[in-house]
Amino acid sequence: GENVEQHPSTLSVQEGDSAVIKCTYSDSASNYFPWYKQELGKRPQLIIDIRSNVGEKKDQRIAVTLNKTAKHFSLHITETQPEDSAVYFCAASWSGGADGLTFGKGTHLIIQP
Amino acid sequence: DTAVSQTPKYLVTQMGNDKSIKCEQNLGHDTMYWYKQDSKKFLKIMFSYNNKELIINETVPNRFSPKSPDKAHLNLHINSLELGDSAVYFCASSQQLAGSYEQYFGPGTRLTVT
Chain X
874 GENVEQHPST LSVQEGDSAV IKCTYSDSAS NYFPWYKQEL GKRPQLIIDI RSNVGEKKDQ
934 RIAVTLNKTA KHFSLHITET QPEDSAVYFC AASWSGGADG LTFGKGTHLI IQP
Chain D
2 DTAVSQTPKY LVTQMGNDKS IKCEQNLGHD TMYWYKQDSK KFLKIMFSYN NKELIINETV
62 PNRFSPKSPD KAHLNLHINS LELGDSAVYF CASSQQLAGS YEQYFGPGTR LTVT
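Residue numbers (this note's numbering), protein chains in the order written: chain X, 874 to 986; chain D, 2 to 115.
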């Protein structure tokens, strides 16, 4: 089955700086890669996703890049703000089957004022 | 107009008991899921289900069973609860067959087994 590795487990950045979280996946059949943000005590919420036919996607301050050959994808957050503090999860799945998402272990992002 | 809802929000019970968690989605989605988030925040798929197919994660004990009375509901039954079952359980749904894979999560049910 799919295995997703996520690094780092904790990331502390100064407000206004950029943050980068990296993930690798093992199953070359995976073709859908979402990123979720989870605030303390809340549900995971999708912030951006990318499919395997696209190399990069951007939505305001967040962007995701995908390297299918190397089987890794990254989340980039620019101009970080205090409200960006949360746990971020990457995930992978094969969208052709309804077998759920395989998640990385999460990155606790801390924005220092 | 909550998209995915779960009840109860909190569940405290003793070892050996049987309990159920209910999930409902009003998005018209065709596929529903149960995930378990343990104390280290690791999210793991337990089941996925549409009206044709149930996919079970092989690591899930058979004390856990999903039951779907209709397309909008997927309940989770747990028999003979153990201490290690304590976790937050999230229900989710997606419109898989239409090619939109975004999964919407419910608010979670925090299960504590004593």
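Think of the hints as simulated: they come from the structure by calculation, not from any bench.
Take the hints with a grain of salt, since some may be wrong.
To be clear about the criterion: a stretch of chain D counts as covered by chain X if any three or more of its residues have a C-beta under 8 Å from a C-beta of chain X, and this derived list gives those stretches [unchecked claim]:
1) 13 to 22
2) 32 to 38
3) 42 to 52
Given the structure is predicted, the values throughout are model-derived calculations rather than measurements.
Just so you know, even glycine gets a beta-carbon here, dropped at the ideal spot from N, CA and C.
* **Hints violated by the structure (listed by number, smallest first)** => Those not satisfied come down to hint 1.
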